[in-house]
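Protein chains: 2
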Amino acid sequence: MKFIATKENLLFGVSAVQKAVSTKNTLQILTCIKLEIQDDKLYFSATDLEIGIQCNVPVEVIEEGAIVVPAKYFFEIVRKLPDSLITIETVNENEIVIKYENSQLNLKTLATEDFPKLPDVQGEYQLSISAAELKQMIKQIVFACSVDERRPLFTGVLCEVEKNNLRMISTDTHRLALKEGKIEKGSAKGHSFIIPAKILSELARLIQNDEEICYLSLTKNLATFSIDNIIVVCRLLEGQFPNYRQVIPTKYNLKIKAKTKHLTEAVERISLFSVNNNSNTVKIKIENNLLTISSQSELGQGYEQVYIESDGEPVEIAFNYRYLLDVFRVLDDEFLTIEFTGSLSPGIIRPVDNDKFLYLILPVRS
Amino acid sequence: MKFIATKENLLFGVSAVQKAVSTKNTLQILTCIKLEIQDDKLYFSATDLEIGIQCNVPVEVIEEGAIVVPAKYFFEIVRKLPDSLITIETVNENEIVIKYENSQLNLKTLATEDFPKLPDVQGEYQLSISAAELKQMIKQIVFACSVDERRPLFTGVLCEVEKNNLRMISTDTHRLALKEGKIEKGSAKGHSFIIPAKILSELARLIQNDEEICYLSLTKNLATFSIDNIIVVCRLLEGQFPNYRQVIPTKYNLKIKAKTKHLTEAVERISLFSVNNNSNTVKIKIENNLLTISSQSELGQGYEQVYIESDGEPVEIAFNYRYLLDVFRVLDDEFLTIEFTGSLSPGIIRPVDNDKFLYLILPVRS
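Residue numbers (numbering that gives the first Met the number 0), protein chains in the order written: chain A, 0 to 365; chain B, 0 to 365.
Bound conformation, chain A alone (with noise of 0.2 Å):
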C-alpha cells in the first residue's frame, strides 16, 4: 500500500472513526484503525463490535493494499504531522512508514485479517432525514436517557416511524422526552426499533453540514446511517419498550407561560441549596402571575420569583432540579410552557409555538 494525503484529510477520517475505537484493552485488534484504499479513496474504519464507523477520504493512490494500525498513536501522530503532503506506505507486513518534509516515522501494523468486518447491512427498512433536523432532535431526546446499564432498554431511544414522521422516545423513568421529525423518503412505515443513545450522541457529532442529508437502513438486528462520506453500523436494543403514551396526561388545571432563560437561572441559583438536600430538590409554588422557586439545606436557604402568564388553579410541586436544568438547557426557544395537574402528577414541559417537542417530568414529594 502506497498513497499521498493531505494532513487535513487524514485528521478527518481517523477523527470520525474515533468513537468506535474500544477503550478495553480486552482484544488488541479493536483499538486499532484500519486504513484501506479502494477505488481511489482512502477507507478508514473502527469498531468495538458495539458501533462501527466506516469513513472515506480521497488520496493519491500509488499502490493498492490495507493497513491495521494503533489508534491511539496513529491519532497522536495525524494530529501533530505538519499541514503538508504527507506519505504513507507498506515497509513489511508489519510496519509502514511515514513520510513528510525531511522526517519519518516508521510504525509498527497488525495483521489485516484478524480485523473484523463491518457488517454489510442492505435493511428492507430504509428511510431518509435532513441531517440538521436529526441532529436536533437527538439533542433534544438523548439526554433523558438512562445511564444504568442494569436496565439496557432505557439507555436506548425509541424510534417510531408513522406517516411521514420519524418521533423518538427517550426516559429513565423519572422523566421522558418525545420530539418529532419529517421523514424526507421512507419504506418503514409502521416500524419501530431502539437505538443505544450514545450511538445516536456519536451521529450527531459526525453531524458537520447540516445540508446533508441522513440515510437509514435498518434490519430486524442493526441500524446503518450514511452521512456523506461516513458509515455508522450497529446493533439495535431488543426489548419492549413500555406504553409511554398513557403517562402523558391528556388534560391540565394550570398552564404557565415564562421566559425559558429567566427559569433557567432562577432555578441555578436556587439548586446551590438543592445539591446538599435530600433529593436535589426545588419547590415551585405559582399563584397568579408569580412562580416562586424555593429550596433550602443546612448552608441556608433562598427563593427567587419569575413573572409568568398563568391560567388555572394555583399548584405547590416540586422537582429534581437536575431533570429541570437539563431540558432548558436543550430548549431553543425563547418562551416555554407548563402544564401542572396536581402537586403529586407530572409536569409537561413544551416550548412555545412548537408542538413536536414534549418533556414529562415526575414530581419529588417535599
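Keep in mind the hints are simulated off the structure, nothing from the lab.
Check each hint, because a few of them may be wrong.
Keeping only pairs whose Cα atoms sit at most 20 Å apart, straight-line, the calculated DMTMM-like set for lysine to aspartate or glutamate is [said to hold, decoys possible]:
hint : chain 1 : residue 1 : chain 2 : residue 2
1    : B       : Lys181    : B       : Glu286
2    : B       : Lys258    : A       : Asp82
3    : B       : Lys107    : A       : Glu297
4    : A       : Lys260    : B       : Glu75
5    : B       : Lys79     : A       : Glu264
6    : B       : Lys6      : A       : Asp354
7    : B       : Lys79     : A       : Asp82
8    : A       : Lys258    : A       : Asp354
9    : A       : Lys260    : B       : Glu100
10   : B       : Lys260    : A       : Asp82
11   : B       : Lys258    : A       : Glu100
12   : A       : Lys71     : B       : Glu297
13   : A       : Lys6      : B       : Glu267
14   : A       : Lys79     : B       : Glu75
15   : A       : Lys138    : A       : Glu210
16   : A       : Lys79     : B       : Glu267
17   : B       : Lys71     : A       : Glu264
18   : A       : Lys107    : B       : Glu297
19   : A       : Lys284    : B       : Asp352
20   : B       : Lys260    : A       : Glu100
21   : A       : Lys6      : B       : Glu264
22   : A       : Lys79     : B       : Glu123
23   : A       : Lys1      : A       : Glu88
24   : B       : Lys79     : A       : Glu267
25   : A       : Lys71     : B       : Glu264
26   : B       : Lys98     : A       : Asp38
27   : A       : Lys71     : B       : Glu267
28   : A       : Lys258    : B       : Glu100
29   : B       : Lys284    : A       : Glu100
30   : B       : Lys260    : A       : Glu75
31   : A       : Lys162    : A       : Asp354
32   : B       : Lys71     : A       : Glu267
33   : B       : Lys71     : A       : Glu297
Could you slot chain B onto chain A? The hints should help.
Chain B only, in chain A's frame:
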C-alpha cells in the same frame, strides 16, 4: 453589616482570594472567606496558613461590619448572580441575606473572631518591579521547579537581589532555569530569599493589568506582594539553596541557532515514540547544518531533520523530551541557541538576542 455591590465587583473579590482558601477539610474556618467593610471598601480575605490573599473593591456602605462565609458556596452563588446590584446584609450573628431583583438567598455564616488575622508585614527589605516583567519572569521560571514535597527547597524559587537586578533561579536537579529582571526601586540589595513556586504562579494569575507595579516587602520569614488592590502574603522557604553558579558551563564546543517553532514541533512528533521508552528520551545528533531528532520504542521509530546554523564540533546527545518542550513553550522568541560541551555535559538553551534567560538541561545516557 450592610452594603450594595455590583456582581462584577463581588466576583472580582471572591475570585482573587480563591487560591488562598484551604481545600483540606481539617479546619472549617480556613475553607471560608472573610468579608469586612473598612473605609467605604469591602475587603475579601482568605488564608490556608501557607498563603494569605486580601483584596478590596468599592461598595456602597450602609452599615460597617464583618462576616465569614463558606468560600465554595459563596463563590458559586456570586458566579451565578444576575448582572444587577446586590445587597448583602447581616440578619443575625450567623446568617446573611443576599438580595437582588425579586429574590433573596439566606446563607449561614461562621464566627468572625475565629478567622485567622493576616500578618501585617512592614518588612525591612522592600523593592518594586513592573507587574508585566514579574509575570513574564514567573512564567519562565516556575515550570522548572520540583513538585516533590519531600525536597521542599526545590519547590521554591531562589530570588537574588543584586544592584538593580532581581534574579530568579529554579531547579528540580534535572534542569535549571535562570531569569533576570529589572528592579524599579529597592532597599533589598545583596539579599536572597526563596519563595514557593505555587505562590508565584498565583501571583502571576492575579496580575491582570500590565501597567501595574508590584511592591514586595520582606521580613526574615515572610514576603508580602502588593499589586493595586490585592495583597498576597506567604511564608518564605528556609534552607540553603545549592550553589547553582558552579553547574553552569562557562565554555562550549558547539553552538547552534534554530527556529523555536521548528524544534518544538519536531520534538512533539518524535516524542510520541519516547512516551513508552525508558526515560522519555529523544536523541539529538548535530552535524554541520542539520539537527536530527530521533526516538524509538516498541511501537516503532522516527526521525526529524531541522535545518540550523551551527558553529563547532558535531555532537550526539540525548535528553528527556519533556524538559525540552517545557522550555520551548515559555520562550516567546523566534530563534533560540543551544550550547553543547559534549554528550555527557549539560546543554544551555537561551533565546537569541536576550541574555536575561538561561536554561540548563542535563543529558540522559541513551
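> Under the criterion that the straight-line Cα-Cα distance not exceed 20 Å, is the pair B/Lys260, A/Asp82 satisfied?
Replying inline: holds, 14 Å
> Are the Cα atoms of B/Lys258 and A/Glu100 separated by 20 Å or less?
Replying inline: With a Cα-Cα distance of about 16 Å, the restraint between B/Lys258 and A/Glu100 holds, given a limit of 20 Å.
>> Between the alpha carbons of B/Lys260 and A/Glu75, is the straight-line distance 20 Å or under?
In response: Holds, because 19 Å separates the two Cα atoms, which is no more than 20 Å.
>> Given the hinted pair A/Lys79 and B/Glu75, is their Cα-Cα distance within 20 Å?
In response: Given pair A/Lys79, B/Glu75 is violated - Cα atoms ~38 Å apart, limit 20 Å.
>> Check the hint pairing B/Lys79 with A/Asp82 against an upper bound of 20 Å on the C-alpha distance.
In response: Distance ~42 Å between B/Lys79 and A/Asp82 Cα, so the pair is violated.
>> Check the hint pairing A/Lys6 with B/Glu264 against an upper bound of 20 Å on the C-alpha distance.
In response: holds, 15 Å
> Is it true that the CA of A/Lys1 sits at most 20 Å from the CA of A/Glu88?
Replying inline: This hinted pair holds, its Cα atoms lying about 4 Å apart.
> Do the alpha carbons of B/Lys258 and A/Asp82 lie within 20 Å of each other, as the hint requires?
Replying inline: holds, 17 Å
> Is the hinted pair B/Lys260 and A/Glu100 satisfied, with a Cα-Cα distance of at most 20 Å?
Replying inline: Given that 20 Å is the threshold and the Cα spacing comes to 15 Å, the pair holds.
> Taken at face value, is the distance from the CA of A/Glu297 to the CA of B/Lys107 at most 20 Å?
Replying inline: holds, 8 Å
> Straight-line Cα separation of B/Lys79 and A/Glu264 no greater than 20 Å?
Replying inline: holds, 8 Å
> Holds or violated: B/Lys71 with A/Glu264, Cα cutoff 20 Å?
Replying inline: Cα-Cα ~19 Å, so holds.
When each numbered hint is compared with the structure, violations occur for hints 1, 6, 7, 14, 19, 22 and 26.
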